[in-house]
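Participant: Protein chains in written order, with the working numbering: chain A, 1 to 459; chain B, 1 to 209.
Think of the hints as simulated: they come from the structure by calculation, not from any bench. Note that CB positions come from ideal geometry on N, CA and C, so glycine has one too. Check before you lean on any hint, since a few could be wrong.
Straight-line distance between alpha carbons at most 30 Å, and here's what the computed DSSO-like set of lysine-lysine pairs gives [claimed, not checked]:
1) A/K4 with A/K245
2) A/K4 with B/K168
3) B/K168 with A/K155
4) A/K245 with A/K430
Calculated from the model, a selection of chain A residues having no Cβ within reach of chain B, i.e. all distances over 12 Å [claimed, not checked]:
5) L39
6) P64
7) D165
8) A264
9) A275
10) T295
11) E303
12) R350
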Amino acid sequence: MFEKIWARHVVAEGPGGHVLLYIDRHLLHEGTTAAFGRLAKSGRRVRRPDLSFATADHYVRTSPGSPTADAEIGAMVESLGRHTGEQRIVYFGVGDPRRGIVHVIGPEQGLTVPGITLVCGDSHTATHGAFGALAFGIGSSEVEHVMATQTLWQKKPRTMRISVDGPLVPGVGAKDVILAIIAEIGAGGGVGHAIEYAGSTIRAMSMDGRMTVCNMSIEAGARAGMIAPDETTFAYVAAGPFAPKGDAWRLALAHWTMLPSDPAAAFDREVELTASAIAPTVTWGTSPQDALPITGRVPDPAEVGDAGRRESMARALAYMGLRPGAPLDGIPVDRVFIGSCTNSRLDDLRSAARVAAGRRAVIPAWIVPGSGLIKRAAEAEGLDRVFVEAGFEWREAGCSMCVGMNGETARDGERVASTSNRNFEGRQGKGARTHLMSPAMAAAAAVTGRLTDVRTLTA
Amino acid sequence: MEPFQRLTAVAVPIDLSNVDTDRVIPARFLRRDRDVPEYSRFLFHDVRFDADGGERPEFLLNQAPYRTARIVVAAENFGCGSSREAAVWALAAYGVRAVIAPSLGDIFHQNCFKNGVLPVILPADVVAGLRRQLHARPGATLTVDLQAQTVTAPDEGRHRFEVDAFRKEMLLTGRDEIGLTLGFEREVAEFEARHAREMAWAVPPRPRA
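In isolation and in its complexed conformation, chain A is listed as follows (with noise of 0.2 Å):
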């Protein structure tokens, strides 16, 4: 799948194996504005507007009432209306009822396709591979080159599979998958590789827990992650507004049903899990490496063979505040969010929902939806309400809580259960000790006070 995408993008060949790939879709975000500007200083345009398309999510603020923080961040925003404005780019900015995180909104509008490159000036932009798309994220020079010449250079990746099979225990879901996947290959396993995650596990997800997978491809090290399309994704697809219609719907599908690998395709290295084996799963450490079940123990650098890992472990648990051998079932937490472009979907929030259902919120808890879209839709649900009775806050979309730039961070020492995407020092503020996890067992966490698992609860 990855090797007929990437054939049908080539511009041109240059040397060292580079290409010059050509971008279908271009997202942008308020924390890519700069790029504007040097764009503009060097008296260029951006050549594809109808192929870019931007919202505000990563410095938003999430209560209501008050979209920014500050008057510089207020300016970062306001500039992004003005760029998208001259250029005539899509802009689904605050007060847009649409406006959400870049990589929720994609999917929903219908940006997000089959068969296309795509993509953003953020590293999680992998989520869009849930769809068969090739989608990786760019940093900020890359983006002004997008603007300027609507394609990449680019050297091929090195291919890796990654297969899940069979049915998973309940309560366990999308998020324990991934965090299993790169505890069992590494933080840095997925280096230089375009990543597809297959088998039955995977196929038999919805799309909202296909995009939590490859969201986080980028966790193991892998630019891009992508599923091969199906009818499951056809489905959500066609109920995107920019999707393709009519007379376009059919030649794309008949264009998308041939994308997936042949059975023959080979790769660089294959991965292959039991999703029997997984069960809900947490981070006990710093990098999103640093996952085991729940019902485990945080680890004892002591009993780890590498100097270089056992210093590194030790560094980690000093500052997460843990004592190795601890169960990690009992952990107590100050904070939970529940939120960001890995789980902020309508599913996520359904299954904290379902587990905050009749109990009761002891320590500060808050939903954020991925888009005012889905805000919407769970709030036709009744899920705002089933929240807002189990004391949990209910929030506007945005990045929040997951990259630690919008003024909504934990403090310094503060331990919380998250659903995002990095628990690296720092990442939810300075000091702030982050444990990753699904929406339920966020939830759970939420309703105890404690990582929990929640099997415990719902059993």
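Since the structure of chain A is provided, determine the placement of chain B on it from the hints.
Facilitator: Positioned in the frame of chain A, the structure of chain B alone reads:
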């Protein structure tokens, strides 16, 4: 872009693996203009300085022999995580022009090339050997020669590295990549014409307002 040809400079070893770009530059500095004079202070800010802005003495860049480092010798997967190009800008603002590691975060790796910073990939045992020498002789220098594709260690050991012909040429000349690509206008226009025939559906329709 400032070209990179050959550099002899003090190198600082960083032994921790999976150093993420949030650590290289925390998120709260990302909105800052990269031309501000204090930009180099943002580099490794939260591990380099304490809450009062004082230097943490255990951090190597705060130790006299390493202060003038212009080369970083790192461990596996340095620069993983966020795509923030500011991680490279902060390194460059400090004066760093080369990062040597067994592997680098893919996006960070690309971002280096765009900013005149040379990423060098060498086998893990070679890089570990370089770090050991730099710990043993604080302030020792390395020489990185892009034309010859070699790193010369303090012990005079010379290690050859691979670099793409395309990226090598761009770094050696400091050429503007966008300017280069704009020279491919004819190819891009031809591609777009063909793409519009074969994958017309790939251009999203404009929904009625």
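Participant: Evaluate each hint against the coordinates.
Facilitator: Hint check results:
1. Of the pairs offered as hints, the one joining A/K4 and A/K245 holds, with about 23 Å between alpha carbons and a cut-off of 30 Å not exceeded.
2. A threshold of 30 Å between alpha carbons decides the hint, and for A/K4 with B/K168 the separation of about 28 Å falls inside it, so the pair holds.
3. The suggested pairing of B/K168 with A/K155 holds, with an alpha-carbon distance near 13 Å, which does not exceed 30 Å.
4. Restraint check for A/K245 and A/K430: the C-alpha separation of about 47 Å exceeds 30 Å, so the hint is violated.
5. Not every Cβ of chain B is farther than 12 Å from the Cβ of A/L39; the closest lies at roughly 9 Å, contradicting the non-interface assignment.
6. In this structure A/P64 is separated from chain B by more than 12 Å, as the shortest Cβ-Cβ distance comes to about 23 Å.
7. Here A/D165 stays apart from chain B, with its beta-carbon at least about 28 Å from theirs, past the 12 Å limit.
8. No beta-carbon of chain B is positioned within 12 Å of the beta-carbon of A/A264; the least distance is around 25 Å.
9. At roughly 27 Å, the least C-beta separation between A/A275 and chain B is larger than 12 Å, which holds for a residue marked as non-interface.
10. Listed as outside the interface, A/T295 is consistent with that label: its C-beta sits roughly 25 Å from the nearest C-beta of chain B, beyond the 12 Å cut-off.
11. Distance check for A/E303 against chain B: the nearest CB is about 18 Å away, which clears 12 Å, and the non-interface claim stands.
12. Distance to chain B confirms A/R350 as a non-interface residue, since its nearest Cβ pair spans about 28 Å, more than 12 Å.
The structure is inconsistent with the numbered hints 4 and 5, although it conforms to all the rest.
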